Amino acid sequence: MIIAEDYKNGEKIKSVAKLLAKEADTGRNYRFMDFCGGHTYVLAKNALEDLLPANITMIHGPGCPVCILPAARISVAIKASLLPDVVFCTYGDVMRVPNAKGESLFTAKAQGADIRMVYSVLDALQVARENPKKNVIFMAIGFETTAPTAAAAILEAKKEAITNFFILSNQVLTTSAMQAVLAEGVPLDGIVAPGHVCMVTGLAPFAKPAEKYRKPMVVTGFEPLDMMLAILMLVRQVNKGGFALENEYRRALAFAGNAKAMAALNEVFSEGRDFKWRGLGVLPESSFALNPVYAIYDAEAKWDLPEIEEDEPKACECSEIIKGLKKPPECPLFGKVCRPENPVGACMVSGEGTCAAYYKYRRIG
Amino acid sequence: MDLINGKVELMHGSGGRAMGELLKEIFFPAFDNEYLRQGNDQALFPVSGRRMVMTTDSHVISPLFFPGGDIGKLAVNGTINDIAMGGAVPLYLSAGFIIEEGFPLADLQKIALSMGKAAKDAGVPIVTGDTKVVEKGKGDGVFINTAGVGTVPEGIELSGNKPRKGDAIILSGTIGDHGVAVLSCREGMEFTTNVVSDTAPLHRLVRAMVAAAPGKIKCLRDPTRGGLSAVLNELATQAKTGMLIKEKSVPILPEVKAACDFLGFDAFNLANEGKLVAICAPEAADTLVKAMHHSPLGRQAAVIGEVVDDENHLVRVETVSGGVRVMDWLYGDQLPRIC
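Protein sequence lines, in the order shown, are assigned to chains A and B. The opening position of the first sequence corresponds to residue 0 in numbering that gives the first Met the number 0, with each subsequent residue numbered one higher. The opening position of the second sequence corresponds to residue 0 in numbering that gives the first Met the number 0, with each subsequent residue numbered one higher.
Rather than coming from a laboratory, the hints here were simulated on the basis of the structure. Note that this is a predicted model, so its numbers are computed, not measured. Some hints here could point you the wrong way.
The calculated DSS-like cross-link candidates involving lysine-lysine, where the alpha carbons are at most 27 Å apart (straight line), are [stated by the list, open to error]:
#1 B:K6 - A:K313
#2 B:K239 - B:K215
#3 B:K23 - A:K108
#4 A:K133 - A:K301
#5 B:K245 - B:K215
#6 B:K164 - A:K11
#7 A:K44 - B:K215
#8 B:K245 - A:K17
#9 A:K157 - A:K133
#10 B:K256 - A:K133
#11 A:K7 - A:K21
#12 A:K158 - A:K301
#13 A:K17 - B:K247
#14 A:K13 - B:K215
#15 B:K164 - A:K44
#16 B:K135 - A:K132
#17 B:K245 - A:K11
#18 A:K100 - A:K78
#19 A:K335 - B:K109
#20 B:K6 - A:K100
#21 A:K78 - B:K6
#22 B:K256 - A:K7
#23 B:K247 - A:K7
#24 B:K135 - A:K133
#25 B:K6 - B:K23
#26 B:K135 - A:K108
#27 B:K6 - B:K137
#28 B:K137 - A:K335
#29 A:K17 - A:K158
#30 A:K7 - B:K245
In isolation and in its complexed conformation, chain B is listed as follows (with noise of 0.2 Å):
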């Protein structure tokens, strides 16, 4: 990275490896502290000797409203899965907002009434915020940040770093579905189709499978920007192992799976924002799957590979015919195919 000449650039945001470097040549060192150093989606801390985590997201989705939600739902459940990850119990949120000069009012309230009740479902109540409006032009519509905390259940202790060789990966359901509904309305690329996103709070199915297997589970992870690929890569590179995943056991919508084709992309890159990543110890990982088959939001669970030794932390996938590949992390966005 070239911190005299250089400048940011869009890939830098794309949840992939170029933010990985930004965030280790710029933030990292500017911040330094062990909460920081932890590594993970939210930051853990005692606080009068109870365990909380603190976590926060901006959002800064287009379009702003898609099949299956908007960018007020995504912002509260965005947070409060950041939350969940660490096997905490959310408590409360924020929410600040950066709106443009013109934006409509109506929008607005649209977003805000979504967010209430995405609040409501979740059972988790906005209790402060902040609003800024910059001049025509130098914002895209609004910016949502949220941020939250949550305190952790006596006994549960989720980390990426601890993920050890043998280790079953489990996934709770279809991924792509958001960045599918996304990209097909997005400007200039508008297609058919009646996939919607999966956005959803998902510190219920959390505690259920906190309970169903108390002290199995390594960590957990949402597959949101980067999708599948970059959560896998992240945790591996995090625990120091590598991970070999079963290409037919990932569930893909087959609408999914035909969008990818169409626009040349790979549905372990592509957005979710319902789903999570756990790993847990190979003993627990039928009776977890099981617990999570009883929840709305793991029905689709299933084991989809194993961590494995690998001195590069490399990802691969031993695809449906039997060969096996690299499953990369995107550097930065994914590009549709030219021919």
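So that you can see chain A by itself, here it is in the shape it has in the complex (with noise of 0.2 Å):
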């Protein structure tokens, strides 16, 4: 096991902290995205925040795959887990999201839905190898760092015959989201983007929304010190005056991304499929959908599965918290009636939403 230690290194961490103090200019403030909930965490539980001058903001971005379903989609997965002969696979985090009459896919088995918490795609893949007369429906959520395996399920379903292995698509892209932060208008001076993506899909994708909107734009990783130098290369460009996109992760990530994960992922999935996220609203060609050789794995093709407009919880700041125009103890609900385990919104049950983070390692009352 390879440990990143130097770049959990306390006093590398406080030498970039220095070099930020010297170079961040006193007459202006600097405003940054973090745009993913992994970033968004590791600021949080590394306490970094502490460490910036005072005229750099983090705003933090919409970047969590629980945190942008919609009230719908629960509704949707809920009623697929309650589909006669059916087993529904999740990621734990799912199960506690509530939808807008407060019902979760926890009701739904205590109603007795048989839902399974999984690990991966591949061991809803083996739950349906193991139930040949079950349907197994695998609720897929994430950016493309989980696309390729939902795909790779697939095809290995392909491969082996199995037929009685579906997926509820939310396989989301980042791009579409930062896009649409901002076109918002969210005023940002630059973005910190997410290394685990790239490594997937490589730095292009990135470089439309840089350029378009002229922000500043560096990708990295997930360790404290990589968050630091992130934001010190973004205070870099904006004293510059300039707007580029640059990797800080060389030592993980490639131009170019993965290729083989890549081809699995276009092969079976095709970014045409409009869909509404929390708090963005229904943004265009922003998820993917089945390729039509594929539509006999996809669940909403199998099953009547409506999604139905759904209100988002009153009170709940979730939508403008995801959008950057927020912060968690700006929301009247926050710490008090939501909290992790009574959460309202999306954003406090993941691990990775906003509110969750600041709640577990910010929270001062």
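Each chain sits in its own coordinate frame; assemble them with the hints.
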């Protein structure tokens, strides 16, 4: 096992903090978005914002696959889980997300739905192999990081002629959400972009939003030093007055990404489907749909699972928080009604949600 | 907690805040008495002029056998440790088995022999027991309950409500070993690691500690389910204080750090079965740590932080880079990250 110990080293992190203090122009403010929930978590868990100069503000973006699921998709999942002879497989995080009526997959489980928590889509495929008389549905969520494994599972199902395995796809595109946030006009001076997404897609997809919106962008990894270095690189870009797409994550990331993963992804999925994101609304062509050849693995093609418009929970500021327009303590529900044990909005459910990270690591009362 | 329509969920048993609510809402009101109200891992009561403690613990671990131990060894050591955390000398244990129909006799014998050996090694005999068998599908292999009694030597008064501002917080060794060892062989999650469970009886270490710093130890806790974070948060609540832990002082094996990294887990939340947390008067901290270093189970003991004032009873961590964050107490189980 490789440990990126150097990238956790306290002294190195402190030395970057010193450079930031020196180089950040006291005559201006810097507003950077950490797009990915994983980055929000790294900032909070390592208390890195304590080390930043007062004029650098981090705004936490919509990159949490659970948080961006709208209530209506949860209702679709609940309905699918309650179908006869169905085993519904999901990541644990999704189980507690409530729909508009306060129901969740946990509620469905208590009503008798056969819901199994899995760690990977490949575990769900195994459930299908072991239960040939049941229909096994996997709730596929996530960005380009999880889509290739969902694709690989479908390719494997095809190879083994497994006919009782289905995907309920909520696979979405990072750059669509990024463009939506930028189009919204959230005042930003730069973006910390997710290194693991680029490990799959390569850097190219991020060049477009960087150029179109003229924003400095730095792709980085998930250790505390990665974050600090990315912020330093953004400060330097802003000071120079340019906008470039830079790669801090060179130790892991090649410009071109992972050709094999992309091949599997493109074989099975196309980026054509509109998708309603919590907080961002319907974004055109922002999710992956199964290609027609693989439609037999699509749960929404096999069963009638209409997505019915639902209101998001009242007073919940999830949508503003996802767009980076508000911080969790500005939500009237935060830490009071809405806590990890009783989440009102999805941002409080997932460990990578902004509200959960704030509650877990930054609450004061 | 919704006592009318609510249902018991798995997180109510995970040692986190959800379980705390279950105890507060259901069991404490139903059983209320002065001994239960002590709120410690063991109850202290007088018996013909002597002070005795009693404790009980049920074990439902999956898998039953794991690197460094098995459910039987865990059941013996776990109860010995709950007695020892009261500063008491463990005397006798009981063992109750709930076995699922179809469970292999060879495995049952292996577990029983392991329990016998653990009890003998610790010098605490299992003197009574009970066996029940349930229909196939109504249990998960075998569940074991152990209970134990012990006596508290003169002059020892430990309780979670005694810590005060300035007291030192001491940890006896590396955290997360047991949690990682068990996770590494849990179904659907197998990974290769050379970490083994730290399951061990702590009563001899405790005996050495109380001898080294008489009257200076405020309380002892073993950070089992819920890990170091659960124990510190419980103590902060019980003592009505805050705590400040220095991340770089907490011993963690590199293999445990690596496993946490790729699973997205926090070592502070992982279970331990052979470690203890001691809170003591600041002037006794050095003596106590040195004494612990002489005991096989305390070789890596270290002061990891101090008790501070905080009206909200939060536990905070100073990170290796100097920032400060909350050390959260898990609500339910930890979940691996998605991406």
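How the hints compare with the structure:
Under the criterion of a C-alpha separation no larger than 27 Å, the hint pairing K6 (chain B) with K313 (chain A) is consistent with the structure, at around 25 Å. The suggested pairing of K239 (chain B) with K215 (chain B) holds, with an alpha-carbon distance near 19 Å, which does not exceed 27 Å. For the hint linking K23 (chain B) to K108 (chain A), the alpha-carbon distance of about 26 Å falls within 27 Å, and the restraint holds. Between the alpha carbons of K133 (chain A) and K301 (chain A) the distance comes to roughly 14 Å, so the proposed pair stays at or under 27 Å and holds.
As the CA atoms of K245 (chain B) and K215 (chain B) are separated by approximately 22 Å, the hinted pair is consistent with the 27 Å bound. Restraint check: the Cα-Cα separation between K164 (chain B) and K11 (chain A) comes to about 32 Å, which exceeds 27 Å; the hinted pair is violated. As the CA atoms of K44 (chain A) and K215 (chain B) are separated by approximately 34 Å, the hinted pair breaks the 27 Å bound. For the hint pairing K245 (chain B) with K17 (chain A), the CA-to-CA distance comes to about 21 Å; that is within 27 Å, so the pair holds.
Only pairs whose Cα atoms come within 27 Å are accepted, and K157 (chain A) paired with K133 (chain A) is accepted, the gap being roughly 17 Å. Only pairs whose Cα atoms come within 27 Å are accepted, and K256 (chain B) paired with K133 (chain A) is rejected, the gap being roughly 39 Å. Restraint check: the Cα-Cα separation between K7 (chain A) and K21 (chain A) comes to about 22 Å, which is no more than 27 Å; the hinted pair holds. Note on K158 (chain A) and K301 (chain A): the hinted pairing holds, with a Cα-Cα distance of about 20 Å set against a maximum of 27 Å.
Using a Cα cut-off of 27 Å, the hinted pair K17 (chain A) and K247 (chain B) holds, with the two alpha carbons roughly 20 Å apart. A threshold of 27 Å between alpha carbons decides the hint, and for K13 (chain A) with K215 (chain B) the separation of about 37 Å lies outside it, so the pair is violated. Of the pairs offered as hints, the one joining K164 (chain B) and K44 (chain A) holds, with about 25 Å between alpha carbons and a cut-off of 27 Å not exceeded. The straight-line distance between the Cα atoms of K135 (chain B) and K132 (chain A) is roughly 22 Å, inside the 27 Å bound, and the hint therefore holds.
Distance check on the hinted pair: K245 (chain B) and K11 (chain A) sit about 18 Å apart at the alpha-carbon level, within 27 Å; holds. Straight-line distance between C-alpha atoms of K100 (chain A) and K78 (chain A) comes to about 13 Å, which keeps the hinted pair within the 27 Å bound. For a cut-off of 27 Å, the pair hint linking K335 (chain A) to K109 (chain B) is broken: about 49 Å separates their Cα positions. In summary, the hint linking K6 (chain B) to K100 (chain A) is supported, as the alpha carbons are separated by about 18 Å, within the 27 Å threshold.
For the suggested pair K78 (chain A) and K6 (chain B), the alpha carbons sit about 21 Å apart, so the restraint of at most 27 Å is met. Taken as a hint, the K256 (chain B) and K7 (chain A) pair is honoured in the structure, with Cα atoms around 11 Å apart against an allowance of 27 Å. Among the hinted pairs, K247 (chain B) with K7 (chain A) is consistent with the structure: their alpha-carbon atoms are about 11 Å apart, no more than 27 Å. With a CA separation close to 22 Å, the supplied pair K135 (chain B) and K133 (chain A) stays within the 27 Å bound.
Among the hinted pairs, K6 (chain B) with K23 (chain B) is consistent with the structure: their alpha-carbon atoms are about 16 Å apart, no more than 27 Å. Between K135 (chain B) and K108 (chain A) the CA atoms are separated by roughly 22 Å; this keeps the pair inside 27 Å, and the hint holds. For the hint pairing K6 (chain B) with K137 (chain B), the CA-to-CA distance comes to about 18 Å; that is within 27 Å, so the pair holds. For the hint pairing K137 (chain B) with K335 (chain A), the CA-to-CA distance comes to about 39 Å; that exceeds 27 Å, so the pair is violated.
With a C-alpha separation of about 55 Å, the suggested pair K17 (chain A) and K158 (chain A) falls outside the 27 Å cut-off, and the hint is violated. For the hint pairing K7 (chain A) with K245 (chain B), the CA-to-CA distance comes to about 15 Å; that is within 27 Å, so the pair holds.
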